[in-house]
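Keeping their order, the protein sequence lines are chains X and F. Residues in the first sequence are numbered consecutively from 1, following the working numbering. Residues in the second sequence are numbered consecutively from 1, following the working numbering.
Think of the hints as simulated: they come from the structure by calculation, not from any bench. Fair warning: this is a prediction, and the values are worked out from it, not measured in the lab. Careful, some of the hints might be misleading.
[Claimed, not checked] No more than 30 Å apart at the CA atoms, straight line, and that leaves these computed lysine-lysine pairs for DSSO-like:
1. X:Lys60 / F:Lys152
2. F:Lys152 / F:Lys30
3. F:Lys112 / F:Lys30
4. X:Lys328 / X:Lys246
5. X:Lys328 / X:Lys242
6. F:Lys127 / F:Lys152
7. X:Lys411 / F:Lys88
8. F:Lys30 / X:Lys15
9. X:Lys328 / X:Lys308
10. X:Lys15 / F:Lys128
11. F:Lys152 / X:Lys54
12. X:Lys411 / X:Lys308
13. F:Lys127 / F:Lys141
14. F:Lys112 / F:Lys128
15. X:Lys232 / X:Lys246
16. F:Lys141 / F:Lys88
17. X:Lys60 / X:Lys15
18. X:Lys13 / F:Lys152
19. X:Lys54 / F:Lys128
20. X:Lys242 / X:Lys206
21. X:Lys54 / X:Lys242
22. X:Lys308 / X:Lys332
23. F:Lys127 / F:Lys30
24. X:Lys232 / X:Lys242
25. F:Lys30 / X:Lys13
26. F:Lys127 / F:Lys88
27. F:Lys88 / X:Lys308
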Amino acid sequence: MSTATLDKPAARKQKVMLVEGNEAAALGVALARPDMVAVYPITPQSSLVEHVAKLIADGKMDADIVDAEGEHSVLSVLQGGALAGARTYTATCGPGLAFMFEPYFRTSGMRLPIVMSIVTRDGITPQSVWGGHQDAMTVREVGWVQVYCETVQEVLDTTIMAFKIAEHHDVMLPVNVCLDGNYLSYGTSRVELPNQEDVDAFMGAKDVNWHVALDPLRPMAVDPLTGGSGGKGPSTFVRYRKGQCKGMQNSLRVITEVHEEWARCFGRSYAPLVEDYRMEDADYAIMTLGSMSGAGKDAIDEARDAGKKVGLIKIKTFSPFPVEALIKSLQKVRALGVVDRSVGFRWNCGPMYQETLGALYRLGRHIPAQSFIGGLAGADITVGHFHRVINETEALLSGPASTEPVWLNEKD
Amino acid sequence: MYEVRFHGRGGQGAVTAAAMLAAALLEEGKYAVSIPAFGFERRGAPVVSFLRCSDRPIRQLTNIYTPDCLICVDPTLTRSVDIFAGLKPGGTLVQASNRPIDEVVLSEAVSKVGLCDAISIALEIFKKPITNTLMLGAFAKTTGIVSLAALKRSLEDSDFRDAGLRQNLAALERGYEETVVYSIPQRAVA
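The following block holds chain X by itself, in its conformation from the complex (with noise of 0.2 Å):
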């Protein structure tokens, strides 16, 4: 959250705005400048891209839109575009990114910075139009960086930020910006819009093709067919895929360094990997995702007023699972509760839990963990919630964990 701790004030006053979340990814993506938008409209995606595509028809945005068939068309577009040296953006989101895998497996190989906000909805079926983040967590291993927000204005913030992140010359990954679909999405609340001036600063000069370029006066291969277990296959394909996960663990960095420097310009801070809420002295902690943590945050402020010992550690950047920042807030809880908005059909859990099984094994704690499952579809996460969250996770203190998830709206 904006806990200002400016080294220098923001260079201009900004300009005080009420939006939805939608509207807000729109503002973003026209303070970054993009050159080129690819758009097909999906719920809850609709609202944004009408927004972006007002935004350049009112003259406020210089970018070519490409109105697509359908979303495979979309990423094509956008994977063409960003090869002739375009800054790309579009926005997606469940059967949409359904649609769009194929391309969407095949931008982090050829390394396009695109940045597309998906704006997470359930899978179908049982049919369903509403939030959840399995479309998301279904595409997490795929080589896209994936950042998750919490509020209106991080939605804002973050989506300028992402074009800076994956346009990095260290990482040159597509990048994810989530926002929840309905409540974030459609949520309404003040906003803080940067200057222009100002973006372009913190952006710098554009810089998104340097490594590769569909150029006739330098022409190249660009993807070439590779791999089998003849010649120099195995190897070349090899160097491609250490190349990505290279770009993945520098992007933690990246991401890290990018924040501060919003900070820095803007005034608005957030904890890039992962934030520790109230975690000081905390014996226990409950785990977060996107924007049900506000509701989570007000929990454990009355639960701390009840006297209890418990903290909230919130997820930012999913996808590269930031294992080393975790292993630093989990080092001295003793039970921990995860709440995730999605569900692991293979292992019975939620996705997020299952991850930070992972970070655990690394950071050699075997402590009692549970797996939540709440918000599916549409379906609310109060802090009526979150306080059964906090009490069943202050319950595996001094009693086993279950290897069952609970599902927080079984009985709603």
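Using the hints provided, position chain F relative to the given structure of chain X.
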């Protein structure tokens, strides 16, 4: 924290009203967050939206279950929806209705009612039964949580065309002027 739940039917502007009220509260230096409830919105179907306001930043992005105030922009909704679910004891109802107070459906939690014949006024101003800005005026009159001046500025900053803005400003003022506020005696708790 003050929590408001809007009840209306698709097309009456309950969601827009929540956002306009949030903008007006922002004008007055308060923090406000509005969230629509989600459904397959269709014209005429019951819809709900939520608004929280506070002097401090608001963190929870959730629906509202125990509102301090209900704004019901449609006079027929109480026949099909329990609008009173979760209303805090001592709560407020701002109701569009042309009925006298003793014929208005209430719950035991209601201690204050603002009544506005919003449909009739809307038909005069818009030639359509769109009551949302009228009921914002009624809310201001009933609760004093927001000023009429801030609501006007909020409307002026919205994307209305000129004629639409004039009509909505008129609706806001008439909603404020023509709302009658009643105190409902509370039953003694046994």
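How the hints compare with the structure:
Among the hinted pairs, lysine 60 of chain X with lysine 152 of chain F is consistent with the structure: their alpha-carbon atoms are about 27 Å apart, no more than 30 Å. A C-alpha spacing of about 16 Å is found between lysine 152 of chain F and lysine 30 of chain F, which places the hinted pair at or below 30 Å, so the restraint holds. Taking the CA atoms of lysine 112 of chain F and lysine 30 of chain F, the gap is about 23 Å. The hint holds against a cut of 30 Å. Distance hint between lysine 328 of chain X and lysine 246 of chain X is fulfilled; the C-alpha atoms sit about 22 Å from each other, no more than 30 Å.
This hinted pair checks out: lysine 328 of chain X and lysine 242 of chain X have alpha carbons roughly 26 Å apart, not beyond 30 Å. Restraint check: the Cα-Cα separation between lysine 127 of chain F and lysine 152 of chain F comes to about 21 Å, which is no more than 30 Å; the hinted pair holds. With a C-alpha separation of about 23 Å, the suggested pairing of lysine 411 of chain X with lysine 88 of chain F holds against the 30 Å cut-off. For a cut-off of 30 Å, the pair hint linking lysine 30 of chain F to lysine 15 of chain X stands: about 16 Å separates their Cα positions.
Under the criterion of a C-alpha separation no larger than 30 Å, the hint pairing lysine 328 of chain X with lysine 308 of chain X is consistent with the structure, at around 21 Å. A threshold of 30 Å between alpha carbons decides the hint, and for lysine 15 of chain X with lysine 128 of chain F the separation of about 36 Å lies outside it, so the pair is violated. Of the pairs offered as hints, the one joining lysine 152 of chain F and lysine 54 of chain X holds, with about 25 Å between alpha carbons and a cut-off of 30 Å not exceeded. The straight-line distance between the Cα atoms of lysine 411 of chain X and lysine 308 of chain X is roughly 26 Å, inside the 30 Å bound, and the hint therefore holds.
The hinted pair formed by lysine 127 of chain F and lysine 141 of chain F meets the criterion: a straight-line CA distance of about 24 Å does not exceed 30 Å. Our distance criterion of 30 Å between C-alpha atoms is met by lysine 112 of chain F and lysine 128 of chain F, whose separation comes to about 28 Å. Taking the CA atoms of lysine 232 of chain X and lysine 246 of chain X, the gap is about 21 Å. The hint holds against a cut of 30 Å. Simply put, lysine 141 of chain F and lysine 88 of chain F have alpha-carbon atoms about 20 Å apart, close enough for the 30 Å limit, and the pair holds.
Using a Cα cut-off of 30 Å, the hinted pair lysine 60 of chain X and lysine 15 of chain X holds, with the two alpha carbons roughly 16 Å apart. Straight-line distance between C-alpha atoms of lysine 13 of chain X and lysine 152 of chain F comes to about 25 Å, which keeps the hinted pair within the 30 Å bound. Between the alpha carbons of lysine 54 of chain X and lysine 128 of chain F the distance comes to roughly 28 Å, so the proposed pair stays at or under 30 Å and holds. Simply put, lysine 242 of chain X and lysine 206 of chain X have alpha-carbon atoms about 26 Å apart, close enough for the 30 Å limit, and the pair holds.
The straight-line distance between the Cα atoms of lysine 54 of chain X and lysine 242 of chain X is roughly 41 Å, outside the 30 Å bound, and the hint therefore fails. Restraint check for lysine 308 of chain X and lysine 332 of chain X: the C-alpha separation of about 16 Å stays at or below 30 Å, so the hint holds. Taking the CA atoms of lysine 127 of chain F and lysine 30 of chain F, the gap is near 34 Å; set against the 30 Å cutoff, the hint is violated. Simply put, lysine 232 of chain X and lysine 242 of chain X have alpha-carbon atoms about 15 Å apart, close enough for the 30 Å limit, and the pair holds.
Between the alpha carbons of lysine 30 of chain F and lysine 13 of chain X the distance comes to roughly 19 Å, so the proposed pair stays at or under 30 Å and holds. Between the alpha carbons of lysine 127 of chain F and lysine 88 of chain F the distance comes to roughly 36 Å, so the proposed pair goes past 30 Å and is violated. This hinted pair checks out: lysine 88 of chain F and lysine 308 of chain X have alpha carbons roughly 28 Å apart, not beyond 30 Å.
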